[in-house]
Amino acid sequence: MDHVQIAEKVDEAAVFAWLKTYISNVLGMDQASIKGSDGLDSLGLDSALTTALAMDLETWLGVEIPLAILFEAETLDNIAAGVAREAERQHVTAG
Amino acid sequence: MLNRGDQIAHQMFQEVQLPGQPRQKVIDSPHLHKMQRMHFFLFDVLPILGTACAIVLLFFHPITSLDLTLFLVFWALSGLGISIGYHRLFTHRSFKASAPVRAALGIFGSMAGQGGVISWTAMHRRHHELGDQEGDLHSPNLHGSGLKGKLKGFVHAHFTWMVAHPYPNVVHYAPDLLKDRVMIWVNRHYYTWIVLGLLIPTAIGGLVSQSWMGALTGFLWGGMVRMFVVEQGIFALNSLCHLIGRRRFVTDDQSTNISWLAPFIFGESWHHNHHAFPGSASFGLAWYRIDPGYWVIRLLALFGQAWDIKVPTKEQIERREIRSA
Ligand SMILES: [Zn+2]
Ligand SMILES: [Zn+2]
Numbered sequence: 001m002d003h004v005q006i007a008e009k010v011d012e013a014a015v016f017a018w019l020k021t022y023i024s025n026v027l028g029m030d031q032a033s034i035k036g037s038d039g040l041d042s043l044g045l046d047s048a049l050t051t052a053l054a055m056d057l058e059t060w061l062g063v064e065i066p067l068a069i070l071f072e073a074e075t076l077d078n079i080a081a082g083v084a085r086e087a088e089r090q091h092v093t094a095g
Numbered sequence: 001m002l003n004r005g006d007q008i009a010h011q012m013f014q015e016v017q018l019p020g021q022p023r024q025k026v027i028d029s030p031h032l033h034k035m036q037r038m039h040f041f042l043f044d045v046l047p048i049l050g051t052a053c054a055i056v057l058l059f060f061h062p063i064t065s066l067d068l069t070l071f072l073v074f075w076a077l078s079g080l081g082i083s084i085g086y087h088r089l090f091t092h093r094s095f096k097a098s099a100p101v102r103a104a105l106g107i108f109g110s111m112a113g114q115g116g117v118i119s120w121t122a123m124h125r126r127h128h129e130l131g132d133q134e135g136d137l138h139s140p141n142l143h144g145s146g147l148k149g150k151l152k153g154f155v156h157a158h159f160t161w162m163v164a165h166p167y168p169n170v171v172h173y174a175p176d177l178l179k180d181r182v183m184i185w186v187n188r189h190y191y192t193w194i195v196l197g198l199l200i201p202t203a204i205g206g207l208v209s210q211s212w213m214g215a216l217t218g219f220l221w222g223g224m225v226r227m228f229v230v231e232q233g234i235f236a237l238n239s240l241c242h243l244i245g246r247r248r249f250v251t252d253d254q255s256t257n258i259s260w261l262a263p264f265i266f267g268e269s270w271h272h273n274h275h276a277f278p279g280s281a282s283f284g285l286a287w288y289r290i291d292p293g294y295w296v297i298r299l300l301a302l303f304g305q306a307w308d309i310k311v312p313t314k315e316q317i318e319r320r321e322i323r324s325a
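For the record, the sequence lines run as chains C and L.
By the count of our numbering, the first sequence reaches residue 95 at its end, each step adding exactly one.
By the count of our numbering, the second sequence reaches residue 325 at its end, each step adding exactly one.
One chain only, chain L, in its complex shape (with noise of 0.2 Å):
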């Protein structure tokens, strides 16, 4: 049973399609294979050792009013990048913005690390066409049942996923971004974004304490505590938003939305509701419901930056509610 916005999803995979034999979705390659294992340990075990060294360098050196602006500013710019750009918009197409602002938001979303915009959208377009069946490259729900299997879930969709996955076919699944010549050149310099989302606290760190210490603090909190903090943001999405929470609509994953998370993670933990329309721009569904992201784009449509912004209404959204027999 498959409801609008997956029916419009749908649609897209199926509109690149070669004749004969069925398309390869997904690769497994030793090559591959190698680059991730690579990516895994600079974007997402580094910035872990970071966190680290940031918390113990605290009992010999206060934190700074300035590394905690960097902190914010970093995090609330590639925190949003990945949630209104990469998600809200590149995955799901939930509105339309000029082409200043894709670039902005697909630059800000790379500095997070977790993968080229193009990349990014292929593996999360994959997720929701397959959520929690065989095939879906991160859910915690397909390693058997029990605490024993849950946990083992958990482990695999929060995190170790990431290490070496099947990669999926960027032609099927994203070719509108292909056409895009914007979101190319964004991708094409991916790593290139990752470093200035690097070097710019570190410098901004530097310069305005005018010392070495300013510049090294700049980078902990600036690049490694707030790329660690969007992270776990966005694999509790992976992990507890598909184990624990609550259900509301009919949807054939395992999808839950967890709301006291959402003020952290940009209004994403409505990730039930998104499941349920995945191709609404607001996730909270309502005016009281937490959702930073849906905030900020109604807030670049006030400037003209963002528009046809696309919301079920009150109807649609009751017809998919779950009725108590």
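If we strip away everything but chain C, and leave its shape as in the complex, we get (with noise of 0.2 Å):
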């Protein structure tokens, strides 16, 4: 996976290419066909497969993202938004 660097500083843009490019790596889907209105669940993402999504996006920003905001949200704009949000916030508090 070589597209994936350590985040510098994040925005919603930034996570949803993120996802984008996970997603179609792991699940060897075509990469333009993943759209932001696409739920993880429609995508073929289930609890065992977004829970390691999740543990590589923190790798990813090197901040905790609770569970929660993946498995909650109805879309994959949502996830990035709430992603964005959680880590800006972590950002803030620890600087």
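Among the hints, erroneous ones may be present.
[As the list claims (entries may be wrong)] Below, a list of computed lysine-lysine pairs in the DSBU-like style, where the Cα atoms sit at most 30 Å apart:
hint, chain 1, residue 1, chain 2, residue 2
1, L, Lys25, C, Lys20
2, L, Lys25, C, Lys35
3, L, Lys310, L, Lys179
4, L, Lys310, L, Lys96
5, L, Lys179, C, Lys20
6, L, Lys150, L, Lys25
7, L, Lys25, L, Lys96
8, L, Lys25, L, Lys152
9, L, Lys25, L, Lys310
10, C, Lys20, L, Lys34
11, L, Lys152, L, Lys34
12, L, Lys34, L, Lys150
13, L, Lys179, C, Lys35
14, L, Lys25, L, Lys179
Simulated from the structure, these hints should not be mistaken for lab results.
Hints are included, so try docking the two chains, each in its own frame, into the full complex.
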């Protein structure tokens, strides 16, 4: 997974791009077919895969992501927004 | 010191790596622990209660040959699904199989109620990666020394580790399975397969005997009791087969062979052989050792449904044997 770089500062768009690349790599599907309105479930990610995604997302961002953000969100857009917010919040508290 | 099988597994773990920080391989989360507790109660505790009911019922209503048949058939199907499918094929890739066979093995394995095939595979690969070292999800040997430590270890490895445990990163441990559309589909419908595994013996029991009592005993013997028996067998691998029994090879873990258990768990209890040669489809490593799982793989091969069956040569086996000085 050569695309993944350690994040400096991330916004919603950066998180969404990461999600798209990650999911297409893991499930071997076409990146262009993944839309912001897709849900994890409809893409084929069950709780096992969602948990793995959370772990790798945490490694990428260097912050802890509550699993609830991923499990409760309806769409990739929602996830990107929630994750970006959480990363921002933790960076503010840390720095 | 890694043997060849371990090297292959090791390579597989390294395949998908992130640059920069080391990847997070397991996670502990309250959300997951809640799901694990629920799963533990439904599919590990309930079958014990169901088995107790079945035994009490025997005093009022003798077991029928239909109940026994349902028990044997569903015990064999779900047990072979775990041993041949989950374990020898999906986790260790010790042979190749056609898509229908992969799907069938995955579905029968799911009926055993031991987790979805992707989770099971990830957890078991981690067990081989860390065998009896810190991080092994179910080692009986990390709970202190002496009889008390061993007893505590036994209870943990056999049963209570499942109540709440670190959950492995499946993208790290099972990237190969995630690319297999058939297995993604089987995995997604895990709970459906469990329910079918309980419903089918219930329906057959009721229809064949034309009675509600037959449906109940079909459910108990073909569902609950067989689930209990398959589970206790697999749990014994985690507990007994890392505690008592014989060792023959040099391995980094404390795995053992328990020959008398082999007929009851499809040959799985040649567990030490398996840790020494994880990539081998045969656990017995010789024709005269009882290994029904391997025999069925050979049978599948006879019909062209399994191929590339990996077994170490005599020389490879001898090279690994413990030499007494
Ligand atoms: Zn083991
Ligand atoms: Zn194994």
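(request) Take the C-alpha atoms of L/Lys310 and L/Lys179, compute the straight-line distance between them, and say whether it is at most 30 Å. (result) holds (22 Å)
(message) Given the hinted pair L/Lys25 and L/Lys310, is their Cα-Cα distance within 30 Å?
(response) holds (28 Å)
(request) Below or equal to 30 Å on CA atoms is what counts here, so check L/Lys25 against L/Lys152. (result) holds (26 Å)
(request) Decide if the proposed pair is consistent with the structure: L/Lys179 and C/Lys35, CA atoms, cutoff 30 Å inclusive. (result) Holds, because 20 Å separates the two Cα atoms, which is no more than 30 Å.
(message) Need the status of pair L/Lys179, C/Lys20: alpha-carbon distance at most 30 Å?
(response) The hint holds at about 16 Å.
(message) Given the hinted pair L/Lys25 and C/Lys35, is their Cα-Cα distance within 30 Å?
(response) holds (28 Å)
(message) Run the distance test for C/Lys20 versus L/Lys34: straight-line Cα separation, threshold 30 Å.
(response) holds (29 Å)
(message) What's the verdict on L/Lys34 and L/Lys150, does the C-alpha distance respect the 30 Å limit or exceed it?
(response) holds (28 Å)
(request) Would you check the hint for L/Lys310 and L/Lys96, treating anything up to 30 Å between C-alpha atoms as holding? (result) holds (9 Å)
(message) For a C-alpha distance cap of 30 Å, please report whether L/Lys25 and C/Lys20 respect it.
(response) holds (21 Å)
(request) Take a quick look at whether L/Lys25 and L/Lys179 sit within 30 Å of each other, Cα to Cα. (result) Cα-Cα ~19 Å, so holds.
(message) Please verify whether L/Lys150 and L/Lys25 have alpha carbons no more than 30 Å apart.
(response) Distance of about 27 Å is within 30 Å: holds.
When each numbered hint is compared with the structure, no violation occurs for any of them.
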